[in-house]
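Given these sequences and hints, build the entire structure.
Residue numbers (UniProt numbering), protein chains in the order written: chain Y, 1 to 406; chain V, 1 to 171.
Derived from the structure by calculation, the hints contain no laboratory data.
Hints are not guaranteed to be accurate.
Here's a subset of chain V near chain Y, in silico, CB distances under 8 angstroms, partners left out [what the hints assert, rightly or not]:
id, residue
1, Y22
2, P23
3, D35
4, P37
5, E38
6, L111
What the simulated footprint calls covered on chain V by chain Y, stretch by stretch (three residues with Cβ under 8 angstroms from a Cβ of chain Y suffice, anywhere in the stretch; the number is not a length) [stated by the list, open to error]:
id, region
7, 27 to 33
8, 118 to 131
9, 157 to 165
Computed from a predicted model, the values in this text were never measured in an experiment.
All residues carry an ideal CB built from backbone N, CA and C; glycine is no exception.
What follows is the residue order along each chain.
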Amino acid sequence: MIDDDLRAALDARASTYTTSPLAWAEVQRRTRGARRRRLAGLAAVPLAAGAALAGLPLVLGTGGANTAATATPPTPAATFTYHDAYQAGTAQNPPIGESLHLTGEGTARTTMLWFSRTKDQAGDTRLQLCSATQLPSGGSTAGCADQPPPDGAGWYAGGTDSMLPRPAIVVMYGAAMNGTAKVAAITDGGKRYPGRIDQPPGAPRAIWSVRHPGAARVTAIELSDRNGKRLQRIIHLPDPLTATDAAPVGPVARLDGGVTARLHQDQSLVWWNGRKLIGLDVISSSPVVNAGETMAEALDGSGTPVQDRIAEGYWFGFARAGTARVTLTLPDGRSVSAETAADPWKQGAVLFSAPFDPDGDVYAAGFRVTGHAADGRELWRQDTPPVKPLWDGKPTASPAASSGGG
Amino acid sequence: MTQAPSRARGRPTFAETFAAHYPAMVRLAGLLGADDPEDIAQEAFARLHARMNRLRDDDAALPYLRSIVCNLTRNRLRHLRLARLRRPEPPPPAGSGEQAYLVAERHRALLAAVDRLPRRQREAVVLRYWLDLSEREIADAMGVTPGAVKSHASRAVTALGRALKETDDDR
Numbered sequence: 001m002i003d004d005d006l007r008a009a010l011d012a013r014a015s016t017y018t019t020s021p022l023a024w025a026e027v028q029r030r031t032r033g034a035r036r037r038r039l040a041g042l043a044a045v046p047l048a049a050g051a052a053l054a055g056l057p058l059v060l061g062t063g064g065a066n067t068a069a070t071a072t073p074p075t076p077a078a079t080f081t082y083h084d085a086y087q088a089g090t091a092q093n094p095p096i097g098e099s100l101h102l103t104g105e106g107t108a109r110t111t112m113l114w115f116s117r118t119k120d121q122a123g124d125t126r127l128q129l130c131s132a133t134q135l136p137s138g139g140s141t142a143g144c145a146d147q148p149p150p151d152g153a154g155w156y157a158g159g160t161d162s163m164l165p166r167p168a169i170v171v172m173y174g175a176a177m178n179g180t181a182k183v184a185a186i187t188d189g190g191k192r193y194p195g196r197i198d199q200p201p202g203a204p205r206a207i208w209s210v211r212h213p214g215a216a217r218v219t220a221i222e223l224s225d226r227n228g229k230r231l232q233r234i235i236h237l238p239d240p241l242t243a244t245d246a247a248p249v250g251p252v253a254r255l256d257g258g259v260t261a262r263l264h265q266d267q268s269l270v271w272w273n274g275r276k277l278i279g280l281d282v283i284s285s286s287p288v289v290n291a292g293e294t295m296a297e298a299l300d301g302s303g304t305p306v307q308d309r310i311a312e313g314y315w316f317g318f319a320r321a322g323t324a325r326v327t328l329t330l331p332d333g334r335s336v337s338a339e340t341a342a343d344p345w346k347q348g349a350v351l352f353s354a355p356f357d358p359d360g361d362v363y364a365a366g367f368r369v370t371g372h373a374a375d376g377r378e379l380w381r382q383d384t385p386p387v388k389p390l391w392d393g394k395p396t397a398s399p400a401a402s403s404g405g406g
Numbered sequence: 001m002t003q004a005p006s007r008a009r010g011r012p013t014f015a016e017t018f019a020a021h022y023p024a025m026v027r028l029a030g031l032l033g034a035d036d037p038e039d040i041a042q043e044a045f046a047r048l049h050a051r052m053n054r055l056r057d058d059d060a061a062l063p064y065l066r067s068i069v070c071n072l073t074r075n076r077l078r079h080l081r082l083a084r085l086r087r088p089e090p091p092p093p094a095g096s097g098e099q100a101y102l103v104a105e106r107h108r109a110l111l112a113a114v115d116r117l118p119r120r121q122r123e124a125v126v127l128r129y130w131l132d133l134s135e136r137e138i139a140d141a142m143g144v145t146p147g148a149v150k151s152h153a154s155r156a157v158t159a160l161g162r163a164l165k166e167t168d169d170d171r
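Shown next, in the form of structure tokens:
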């Protein structure tokens with residue numbers, strides 16, 4: 001019976017999850033942090049300002065937020081300590097050989113790649129390629145992709161192609177089969193984007209990586225030997241990237257510069273520029289809480305006056321009701337402002353957008369967002385401290401062993 | 001005559017709720033596919049803490065936790081689909097021999113099929129078959145109607161049966 005099998009299988013898997021003895025302390029730390037932020041009312045919450053990813057739960061951040069109110073733009077003295085997914089990931093999955101350091105593109109700062117071994121259910125040892133990625137807003141995440149059968153073949157391990165919105169330049173990576181000297185991503189129209197092969201010293205396999213425009217529909221990764229003879233074709237079927245499958249509710253909000261926002265029944269707030277999806281905020285809702293969570297309650301719950309992002313040439317987001325104008329200021333004095341508009345869904349918030357395309361990484365230097373009333377009074381301010389790259393400068397193995405792409 | 005502490009008759013404290021349900025929430029997040037189930041569970045409890053006094057009644061904490069774990073896991077997977085994140089495999093079954101191996105193999109095939117289910121179907125399966133929740137409770141956790149739960153669960157079981165049949169045929 002499949003019912004019995006399902007229960008037994010789920011029970012078996014459930015029993016493998018362990019809990020940390022520090023869990024209670026960590027929950028207490030989080031609750032203390034939330035309380036402090038609510039009291040301060042102007043917290044720096046880098047997680048809420050992710051360029052590519054929306055919502056608090058999406059990246060792992062630990063440490064204390066700098067909540068000091070100052071009269072000047074944020075300075076490099078402000079600090080925020082982030083969860084180091086590479087450190088945690090390598091502790092759990094010890095590297096075989098050295099790690100490879102991939103330079104980030106757009107939605108990722110850097111990605112660390114390393115091979116590790118794991119045991120499957122039958123007790124067989126399997127190779128896996130693990131990765132840890134830091135996002136521009138500071139948080140990091142890690143995971144491993146097992147070697148699929150047959151032994152000896154290469155495999156796709158991950159990339160920024162699964163991010164939503166899809167970045168302008170996508171990075172994909174995986175393990176190469178033995179003898180691989182070249183790699184290329186192939187689109188459904190036959191266009192090829194060559195990548196590179198790196199052999200970290202001591203690692204059991206080489207690692208392939210390719211970069212291609214986010215708009216390209218890559219359907220295969222081709223691994224070849226030094227003579228160009230194809231060794232393997234890895235079929236890659238990108239997931240259909242949909243922000244939500246829930247129906248929209250109410251009218252569409254039309255903002256400055258052509259940006260529009262739609263709220264959906266599952267409380268997904270989806271941002272568009274024309275037909276291009278540029279952002280997604282997931283506003284939790286729970287049917288067991290008396291009042292369903294609105295945008296206003298989402299802000300209140302996270303202790304932030306604003307949830308914003310910088311993406312695709314725009315700065316946009318939503319803020320506390322009563323805010324008439326918002327301004328983002330960089331440490332070098334550059335700034336951008338936007339008039340707000342009431343949300344048309346009666347969620348107790350205001351929406352804003354403004355064209356903004358600063359050169360470089362705004363999160364590296366930090367920035368400040370201030371909200372003003374119609375009479376010009378400052379209502380709130382939120383500092384996003386500079387994000388320190390977690391792994392830049394870490395000794396890595398790859399460049400000397402690179403054999404180029406093609 | 002002894003009198004129970006008043007707290008025992010009232011709403012459980014946050015610490016008591018944590019002690020009673022934290023491991024289950026970690027497991028729920030893991031079964032739903034979270035790459036860091038403890039982070040999800042801890043965030044869920046932090047949110048529960050912020051809303052303890054807004055829950056409709058004493059029994060609402062657990063459904064609230066379940067719904068937050070579902071939401072957080074769904075959001076995380078939606079945004080951070082680093083492909084094929086390795087999920088902990090069940091340990092080798094007790095005993096040994098061919099039968100044990102076949103059972104384990106069937107678990108593995110079934111769990112792999114669960115991993116391939118669309119998010120909503122996977123949630124319906126885990127909440128129904130692992131937590132044994134009613135359709136109403138599953139609907140609350142998923143934020144959908146009981147009718148939708150029925151539909152997701154039915155499609156999931158059909159898909160799992162088909163996947164298992166294909167696995168059997170391949171042997």
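Evaluated hints:
Among the interface hints, the one on Y22(V) holds; its C-beta lies about 6 angstroms from the nearest C-beta in chain Y, closer than the 8 angstroms criterion. Restraint check, P23(V) versus chain Y: the minimum CB separation of about 5 angstroms is within 8 angstroms; hint holds. Interface restraint check: D35(V) against chain Y, minimum CB-CB distance 5 angstroms, threshold 8 angstroms, status holds. Given the 8 angstroms rule on beta carbons, the hint for P37(V) holds: about 6 angstroms separates it from the nearest Cβ of chain Y.
Hint status for E38(V) relative to chain Y: holds, with the closest Cβ pair at about 6 angstroms, below 8 angstroms. Hint status for L111(V) relative to chain Y: holds, with the closest Cβ pair at about 5 angstroms, below 8 angstroms. Counting residues of the region 27 to 33 of chain V whose beta carbon lies closer than 8 angstroms to any beta carbon of chain Y gives 3, which meets the minimum of three for the stated coverage. Remark: the region 118 to 131 of chain V is confirmed as covered by chain Y, as 4 of its residues place a Cβ nearer than 8 angstroms to a Cβ of that chain, reaching the required three.
With a threshold of 8 angstroms between beta carbons, the proposed coverage of the region 157 to 165 of chain V by chain Y holds, since 4 of its residues qualify and at least three are required.
Of the hints listed earlier, there is not a single one the structure fails to meet.
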